[in-house]
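*Asks:* Listed below are the residues making up each chain.
2 protein chains.
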Amino acid sequence: MSKTFEKLDSYLEKGKALNAALILFEWDLATLAPEKSDKNTSDFIGIISDQYFSTLINDEVRQLLEKLEQEEEQKELSEIEKAIVKEVRKRYEELESIPQKEYREFSELKARATSVWEKAKNKGDYKAFEPTLEELIQYRKKFIQYRFDEKKHKNPYDVLLGDFEPGFDVEQLDEFFNQIKEELVPFIQEILKKTKDVDKAYNFKEYNLDKQRELSRFLAEYVGFDFEKGVLAESAHPFTTGLHNHDVRITNHYFKDNLESGIFSVIHESGHAVYEMQISDDITMTMVGEGTSLGMHESQSRFFENVIGRSEAFWKPLYHKLQDTFNEQLKDISLEKFLKGCNKPEAGLIRTEADELTYPLHILIRYEIEKMIFNDEVEARDLAEIWNEKYKEYLGVTPKNDAEGILQDIHWAGGDFGYFPSYAIGSAVAAQIYYHLLKVMPFEEYLEQGNLKAIREYLKEHIHKYGMMKNTNEILKDMTGEEFNPAYYIRYLKEKYTKLYE
Amino acid sequence: MSKTFEKLDSYLEKGKALNAALILFEWDLATLAPEKSDKNTSDFIGIISDQYFSTLINDEVRQLLEKLEQEEEQKELSEIEKAIVKEVRKRYEELESIPQKEYREFSELKARATSVWEKAKNKGDYKAFEPTLEELIQYRKKFIQYRFDEKKHKNPYDVLLGDFEPGFDVEQLDEFFNQIKEELVPFIQEILKKTKDVDKAYNFKEYNLDKQRELSRFLAEYVGFDFEKGVLAESAHPFTTGLHNHDVRITNHYFKDNLESGIFSVIHESGHAVYEMQISDDITMTMVGEGTSLGMHESQSRFFENVIGRSEAFWKPLYHKLQDTFNEQLKDISLEKFLKGCNKPEAGLIRTEADELTYPLHILIRYEIEKMIFNDEVEARDLAEIWNEKYKEYLGVTPKNDAEGILQDIHWAGGDFGYFPSYAIGSAVAAQIYYHLLKVMPFEEYLEQGNLKAIREYLKEHIHKYGMMKNTNEILKDMTGEEFNPAYYIRYLKEKYTKLYE
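Protein chains in written order, with the numbering used here: chain A, 1 to 502; chain B, 503 to 1004.
Check the hints yourself; a few may be wrong.
Said to hold, decoys possible - Computed spacing ranges between beta-carbons, pair by pair:
#1 A:Lys453 to B:Tyr724: 48 to 54 Å
#2 A:Arg217 to B:Lys541: 21 to 27 Å
#3 A:Lys316 to B:Asn624: 47 to 53 Å
#4 A:Ile350 to B:Glu528: 38 to 44 Å
Claimed, not checked - Covered by chain A, according to a simulated footprint, are these stretches of chain B (three or more residues, beta-carbon under 8 Å):
#5 515–523
#6 527–540
No lab work stands behind these hints, which were simulated from the structure alone. Small disclaimer: the values here were computed from a predicted structure and weren't measured. Note that beta-carbon positions come from the ideal geometry of N, C-alpha and C, so glycine has one too.
Can you build the whole structure from these sequences, using the hints too?
*Replies:* As C-alpha cells, this is what we get:
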C-alpha cells in the first residue's frame, strides 16, 4: 500500500468509526431510546459530529489528498484506493467551498427550521414557515455561487442535483420530466377514470399487529433480507440504515387498519437493505462502501417494492399464505382482486401515500418549483399558491390547508433542495433494469418459483457489489449497454396499468 | 468557571461522548446486533477505544491536571469540579503507572485469554487455561509493583482491592471474611439441614415467556424503574448499563422452566438502574456522574433483590397478582410457601446461581485464593486443587470438573483480580442500610403499602444523587453515623433465616 495512502487511511478509518457511532445513535433514538433521553444524548451526538468533521477536514488530510492526486502517486494506488481518494476529494470540495462561519450558521438555521416547520405544519399555515424557508433558500443560493463551475454547470440548480445524483443535471431532467408530462399525464387521467370504482375496502379492515409483524419478517426473508446480517425493528416511519454489509437495519411501521402499508414498506426497505448487504467485503468498511447514490438506492427499493412486490408472478406462490394468515379478511378476495387493489392509482395530495402511477407527478411538481426557486423565478411568499396550482393542474386536487400542501415534506426544512428528483430517477432506473432483466433471465418464472436468489445474484454482480466505485450511468451502461433512459419508465407504467385494468 | 478547568473539560466532554458511543455499541452487540456483525463492528469499537484513551491521556491533559491541583487553582473550583479533577487524576495514575508497551501486551493477552478460558471451560479442563492464567497473574503482579505505595498499601493485594472498592484493604476484608467464617459457616450448616426438604418444585414448572416478559416490566416499574428514562431488553445474561441518568438500560433473561430467575434478576437490575436514574442532573454528564463503586452499586441491586424483593412485606400486596398471572402453576402455593421457596438455601457449586445465604461463602473462597496468589503463597498449577478443597471445606460439595469449579467465572480471564470481594461488600452494605432504614422510616409498612417511592427518595437523598462525589465509607458515615460494619450483615442473615424456617 502507498505510504501516503496509508496515512490518509488512518484518518478515514477514524472517520468511518465515528460515523458508525453516529449512525448507531440515530438508529437507537428512532427505535428504542427512552423518551426523555434525547436532550443529554444529543449533546454526545453533537460532540461526536464535531470530531467526525475535524478528523476528516484538516490541513494534514488536505495535503495528503493533494499528494495522492499527483500522477506518480496515482500509479501506486489500486482501483479502490483511487475511488476513495476521489470520493474524499468530492466531500472536501462540498464542505470546504463554504466558509466555516456560514456553514455553522446554516447548520444552526437547519436545526431551528425543522422545529419551525413542524409547528407551521401542525397549524397548516405556510406563512409561519415562509420567512425561515426564505432564509434557507438564500443560504443555498449563496452556497451554489461558491461552487458554481461554468465548465460543469449550466444551471444553478445543477449544483444541487449533482450532490444527490452525480452526473444528472437540469438538461437531462427536463427531458425526463417533459416525457412524464406529455406522455404520462394524459395516460394517468384515463386510468384514474377506469379504476375509480375498484373496491379495496378489504385493505382497511382490522389486521392483527403481531400477525403483521410475523408476516413482515417472512416477506423480508423471502425477498432476501439476511437476518444474520440485519435487524428489523419498528419506528414512526420506515427507514433503512446500517454500519456495514454485515449489519444492515430496517424498520417498519404497522397500522391495524391498513394491511398494504406494512407489506409494501417492508419489501421497499428490504430492497435498500439487500443493496447494502451485497456490497463487496473489500470495500464495505471504506468511504466507497455504500450504495452509489440516492437515485440508485431508490431504484433498488422500488424495484423490490413495485416491480417485484406488486406483480402477479411474485404473489402467485405467496398469496395463499397471505389468505391463510388473514383468512377472515381475505377469504373472498381473489389474487386478481388483491393485485387490482394494491396497485389502484388515486389522485392524492400526499407524496408518501402516492401509488406507483401518480407518484412521479408529485416529484414533477417539486422539481418544477425547485428549478424556479434557484433560477430566481419565484419568491418564497408565492410558493404555497404555486404549489396548489400545480396540484390542481397535474392531479386535479387542491389541499385543504398547507399541511397537506407545501408543508407536507421535511426535506426543505432540512435544507435539502435537489433531493426529490432522485425518487423519480430511482423509479425510472428500476423500470430500465426490469426490461433488461426480461432479456437476460426468465424473470417471471423466477418470481413464480420463488427464486429471488437468482435475481439478487444478478443485481449483486452488476450493481450492488460495486458500492460507490461506479456511478448510476456507469452501472447502467455496463449492465444494459445504455445510460439512463426514461423511455423505459413510461413504457413500464403504460404496459403495466393497461394490462392490469383492461 | 476556572479557565484551566474549562480547558480540561473540553477533553473530558469528548471523552464522555466517546465512552457513551462505546457503551451503546456494547449494549447493541449484547441485545440486538445481527449475529455476523461483530467482526467489522469490533474494528469500529477498537478505533473508538483508542480515540477515547488518546483524548484523555496526553500531555496537555496532564499539564492541565497538574495546574488544577495547585492551591490557587483549587480555590476557584466548585465541589463538583474538585471531585472531577480527583477522579481524572486517579484514572491517570492507574493508566500511566504502566509502561505503554506492557499495557498493550496485557490488553492483547486479556483478549486472547478470554477465548482460551472459554475453550478450557467447554472442556472442563483447567490445565488448558493454567499457563494463560499464570501469565495474567505475572502481569498483575508486575503492575502492582509499579503502583505499590508503602504509605497507602500494607499488602500487595490492597492495590487491586482499592481499584474496585476505594478505601477497602486486606486488613478490613480479613476482619469481614473472618466474621463470615466464624459466625456464618456453622449457622449455614444448621439452616441447610433444616431446609433440605423445602419443596420448590412449583418454580420449575412451565411458565409462558410472554407472561414472564410482561411481569418483568410490571415489577421493574413497581420498584421504580422509570420507562421514560430507561429501556428493558433481553440478553444472554442480565446486566445494567446506560448513557446518563435519563437513559439507563437493563436486560433480563427468561427461562421457561424457572420462574424465580426472571423475577429476581429484573428486580436486581432495577436496583442498579434506580441508582443511576437518581444521580443528580448536575453531574450525570461528568466524570463523577456514575455510581461510586462496584460494591455500592451491588449494595443497591442486592438491597432491591434480596432485602426488599425476597421479603414477605414486599409480596403481601403483590402475590395475588403473581398467582393470577400463573394460576395453574401457583394456585396451591401460599405466600408462605413461595417465600420459603424463593429463599431456600442450597450448598451449590456455582456462584451466580447461589442463594442469598450461601453466596458469601463463594466470595470467601475467591478472596482467600486471590490473597494467596498476590502474596506468592501459591502457584497457578495448584489452584484447581485448592479451589476444590475450599468448596469441600466451606460448602461440603466437590465439582465434577473444572467447568463447575475454578473455570466458572470469566473475571480472572479478563485480568480482573480483586473484583469478587465487592459482591460481598455490596451484600453487607445492603444489610447495614436495611437496619438504618428500620430506624428512620416505617420500612415494612411502606413495602406493604407498595410505597417504594418513599424508600427510593431516601436512597436518592443519601446515596444516589452524589454519584462519585462520595465514596462508600463517606456515604455510610453521613447516612448512618458509622462506616462499613459487617456485623449488620451477619445479624441480617441470622435473623432472616432463623425466622423464615423456624
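*Asks:* Which numbered hints does this structure break?
*Replies:* Going through the list in order, the structure violates no hint and respects every one.
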